[in-house]
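**Q** My request is simple: use the sequences and hints to build the entire structure.
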Amino acid sequence: GAGVSQSPRYKVAKRGQDVALRCDPISGHVSLFWYQQALGQGPEFLTYFQNEAQLDKSGLPSDRFFAERPEGSVSTLKIQRTQQEDSAVYLCASSARRGTNEKLFFGSGTQLSVL
Amino acid sequence: AQKVTQAQTEISVVEKEDVTLDCVYETRDTTYYLFWYKQPPSGELVFLIRRNSFDEQNEISGRYSWNFQKSTSSFNFTITASQVVDSAVYFCARLNTGFQKLVFGTGTRLLVSP
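Chains as they are written, first to last, in this note's numbering: chain A, 95 to 209; chain B, 3 to 116.
If you are wondering where the hints come from, they were derived from the structure by calculation, not from laboratory data.
Among the hints, a few may not be true.
Stated by the list, open to error - Here are the computed lysine-lysine pairs in the PhoX-like style, where the Cα-Cα straight-line distance is at most 25 Å: (1) K151/A - K103/B; (2) K197/A - K5/B; (3) K172/A - K5/B; (4) K40/B - K197/A.
Unchecked claim - To spell it out: a stretch of chain A is covered by chain B in this simulated footprint if at least three of its residues, at any positions, have a beta carbon under 8 Å from a beta carbon of chain B; those stretches are: (5) 138–145; (6) 149–155; (7) 182–193.
Glycine is no exception: its CB is placed at the ideal position from the N, C-alpha and C atoms.
**A** Structure below.
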């Protein structure tokens, strides 16, 4: 497709369950970002990939969060042993070149609800 | 932490009114970028504008205009003759050169009624 695609659109998990969120960036985009958006808040940075290299993971809130982009295109954000505080919208974004002084193209997000 | 503040949580206007969304940022850097994004109900953030810290010239794009004032660390956004389709949450964000992460404000929800 023409835009950033994220799946699933909605995910309900029981506390303690592992989840995997998928992001298909715009074809050819070098940079890929994950952001977490809590209800009523602005997005907060989680991690950044340049091609397959994860250059910044400083925003990942705990070691239960793990992201990968093995072939430099599709990315997966995995959350292990989900907790209620993980409930949020997870947004993926991509840009054509390195860095975010380029404009980002965002997906519609995955809304995660942990019960 | 160097914050981005959007003090207006929600603004309601009637169609054709002008509306200004405020943004105040903190930074210790001399080089940085400022952004505005629109988040409609569908959820994706849509890029509106990027400005660098060396360019204080105000910008107009159709019904949209931006007023960047370094002296007050503000980057305000005005919509002229608002329309129902402008209803969304608007985010201001800052990026410091050399870093990859955008720092967003908490957003301003704009409701435009017919």
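**Q** Which hint numbers does the structure go against, in order from smallest to largest?
**A** 3
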